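Protein chains: 2
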Amino acid sequence: MAKKTARKKTTKAGTTSKTTAATRKTPRRSTRKKQPANEKIVALVDSVVADAAKKRDPSIVIPMRTLSNAHYNKARRIIEMGDRTATRNFFDLNKAKTFMQTVLIAGGCKKLIEEGKTVSIRGLYYLSKHTIPGTNEKTFNDQNESDPVIEDLEVALDALREELHVFADSRGSIAGNLTVTSRGDEIDLRRMGAGGMGIPSIVEPDVFTFKKCNAKFVLHVEKGTVWARFNEDKFWQKHNCILTHGSGQPPRGVRRLLHRMHDELGLPIYCLLDNDPWGYYIYSVIKQGSINLAFESKRMAVPDARFIGVRSKDYEEYGLSDDVKIAIDDKDIKRAKQILNYPWFKGKKDWEKEIAAMLKHGFKMEVESLLTKSISFVTETYVPQRLRHRGKWLD
Amino acid sequence: MAKKTARKKTTKAGTTSKTTAATRKTPRRSTRKKQPANEKIVALVDSVVADAAKKRDPSIVIPMRTLSNAHYNKARRIIEMGDRTATRNFFDLNKAKTFMQTVLIAGGCKKLIEEGKTVSIRGLYYLSKHTIPGTNEKTFNDQNESDPVIEDLEVALDALREELHVFADSRGSIAGNLTVTSRGDEIDLRRMGAGGMGIPSIVEPDVFTFKKCNAKFVLHVEKGTVWARFNEDKFWQKHNCILTHGSGQPPRGVRRLLHRMHDELGLPIYCLLDNDPWGYYIYSVIKQGSINLAFESKRMAVPDARFIGVRSKDYEEYGLSDDVKIAIDDKDIKRAKQILNYPWFKGKKDWEKEIAAMLKHGFKMEVESLLTKSISFVTETYVPQRLRHRGKWLD
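Sequence order for the protein chains is U and P. For the first sequence, position 304 (counting from the first letter as 1) is numbered 304 according to our numbering, and the numbering increases by one without interruption. For the second sequence, position 272 (counting from the first letter as 1) is numbered 272 according to our numbering, and the numbering increases by one without interruption.
Bear in mind the hints are in silico, worked out from the structure with no lab data behind them. Check before you lean on any hint, since a few could be wrong.
Taking lysine to any residue and the SDA-like style, the derived pairs with C-alpha atoms no more than 25 Å apart in a straight line are [unchecked claim]: (1) K373/P to T131/U; (2) K234/P to E115/U; (3) K234/U to I121/P; (4) K373/U to I121/P; (5) K325/U to E204/P; (6) K234/U to E204/P; (7) K325/U to I121/P; (8) K212/U to R183/P; (9) K373/U to K110/P; (10) K373/U to K117/P; (11) K373/U to N136/P; (12) K111/U to K234/P; (13) K234/U to K117/P.
Since the structure is predicted, the reported quantities are computational estimates derived from the model, not experimental observations.
So here's chain U without its partners, still in its complex pose (with noise of 0.2 Å):
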């Protein structure tokens, strides 16, 4: 087993993230000592009060969350938010009301934190939601007034949403070789049957921790039916690994999990996607951060993730036949190209032709045709050659 890019780190934090060869080189984003989220809260409100006693008008400094202010870091591999801030001001009447808002989501998150507490970023809407007394206001008409103050207060705070005691809905599963505890109960991985652990939203150290693991890498799947095969095949026990899947684009609790399985375990990722623009983006997001989540890339991405299959190249190499293609159209061509031109691919000479072979095929393969080869095809013969073979992955 090829394990050479994995970094043995056996540290227990997680919150603070590692720096590796590579990323040494360049400042962290943020050198802020690590706070408690809810002591940045009190910080940040009691610099507010502080403004009001003295007379000043009260204002929150707010890191700008736009596509101009995301850029992809080289050296450190991950998109990341750049230094532009943008002022928050109580004695503005254009921004009076988001002020408001961003008091209300900090102290509904404060609340939260002390009470031990977790809510959905729809539960947090309806917890600060209330009409202001006197008035027909209400402190947020919907959900989309408060998730993007959310997402202010994550940045502003240089806390991740999680830390905050704000979840998404969970979606994606875990099995292999892993004993983890989660809330305090110590799950064994290698027991899970055919379910397997539903992966909590949040997974942060505090609540989330990893005890006894003997597994020597991490297989991602892009979708739950393709990782029921890997499941019921026992792969994870064959290849002595463990085995997640994010019902297609993961979702931010299992970005975190594969990082930090990546960042304390010192496990290699390797994710198997469709062969499309779609699986393309997975990876993408997997391996270096969301532009709209540029924040978190460094707590999320995993830029050693290697990108094992589907690859274009696989329908000649395995001889596949004619049923496993999908013809591609306008919309696949128009996104494959865009990936093309991200930073992170640009110049790759590896995935340009891996892409200019898919457009050129004029199909695209989903992991599941490889059932056209046999049932488990996918799981003895195709990951298996993958895996021994270090020349067949993409970076």
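With chain U fixed as given, assemble chain P onto it according to the hints.
Positioned in the frame of chain U, the structure of chain P alone reads:
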């Protein structure tokens, strides 16, 4: 804890559904002896071969899966399929292709059963797809052609899709006072942390069995985010129950599991769903089955399920604020009226009042809106009160 509606059953079989006092009056739709699915496939294909040997036109008889062949059985309180059938002949130009497809899918399922493997419906499509030698004809052009044939085979063989080793993508989680085995692993659902166990798509008794159960009931909630609130507050510990959710409309695995927990463990099933037409519909499917899968009702539906909330009158009764209101639109109104006309809602005074009250309000309410009272209002006050007062449920 009110438990009068539950029937204490300790039999293990589960595949032969039990009869209740109400259902004993009517004969079961199928009185065929229960036979393993692979034997049924062989019998089906044997009859085709026998026809051919006798130089008769080979044919397969398939019960009709149409709206006109589905009806509500008042005594059994489930949606059932009628007795009308269609015959698929080999020597009929219009039917030869689906005849061939039916035999191919049957062959694919037999292979899966013999190898002890399962695939998704997409996987079975790939497994059964090939080019007919000497032509450019595909056996299946896309999955839209194979999915209905799988359902045809289910009804023709009187075997659940899951017994044919075909699964759907799994959704939904479970945790609580129950131990289960899944594919040989014993899993204590009392120690599942924040994520719970993913409910597998296939929970048939040969691969999924119940062990120690000290729960007194099942609380089924609509969404994963609400489930997380109950799990975090250890509701199932305090109230000695099992918690499930189905990520919206529960998939087959979740419905089958609810049915089995009710039927084999004698547990009442209480549903906590949104106060909107979609919530009513979810309840309807859990309780009576669905029209398009009418042939499965007897093994999936839970006619004794109870709707404990959210009720329209909660708005007044709990003094909820305007912040919980979500305005209904024309689509909601149309859907609500359709549901009122379902034969299984029609004539139920309390349901008619319930839906009329929602329409009169002009707004709908989500379970999560109870957060406007307090974070744990739903787990500490609302549901415990509902469970104590039988009169507050809807049937």
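Cross-check of the supplied hints:
For the suggested pair K373/P and T131/U, the alpha carbons sit about 13 Å apart, so the restraint of at most 25 Å is met. For the given pair, K234/P sits about 14 Å from E115/U by alpha-carbon distance, which is consistent with the 25 Å threshold. Simply put, K234/U and I121/P have alpha-carbon atoms about 21 Å apart, close enough for the 25 Å limit, and the pair holds. Distance check on the hinted pair: K373/U and I121/P sit about 17 Å apart at the alpha-carbon level, within 25 Å; holds.
With a CA separation close to 34 Å, the supplied pair K325/U and E204/P exceeds the 25 Å bound. Of the pairs offered as hints, the one joining K234/U and E204/P holds, with about 20 Å between alpha carbons and a cut-off of 25 Å not exceeded. Taking the CA atoms of K325/U and I121/P, the gap is near 17 Å; set against the 25 Å cutoff, the hint holds. Distance hint between K212/U and R183/P is fulfilled; the C-alpha atoms sit about 23 Å from each other, no more than 25 Å.
Only pairs whose Cα atoms come within 25 Å are accepted, and K373/U paired with K110/P is accepted, the gap being roughly 17 Å. Our distance criterion of 25 Å between C-alpha atoms is met by K373/U and K117/P, whose separation comes to about 15 Å. Only pairs whose Cα atoms come within 25 Å are accepted, and K373/U paired with N136/P is accepted, the gap being roughly 19 Å. For the hint pairing K111/U with K234/P, the CA-to-CA distance comes to about 19 Å; that is within 25 Å, so the pair holds.
Under the criterion of a C-alpha separation no larger than 25 Å, the hint pairing K234/U with K117/P is consistent with the structure, at around 12 Å.
The earlier numbered hint that this structure contradicts is number 5, and it is the only one.
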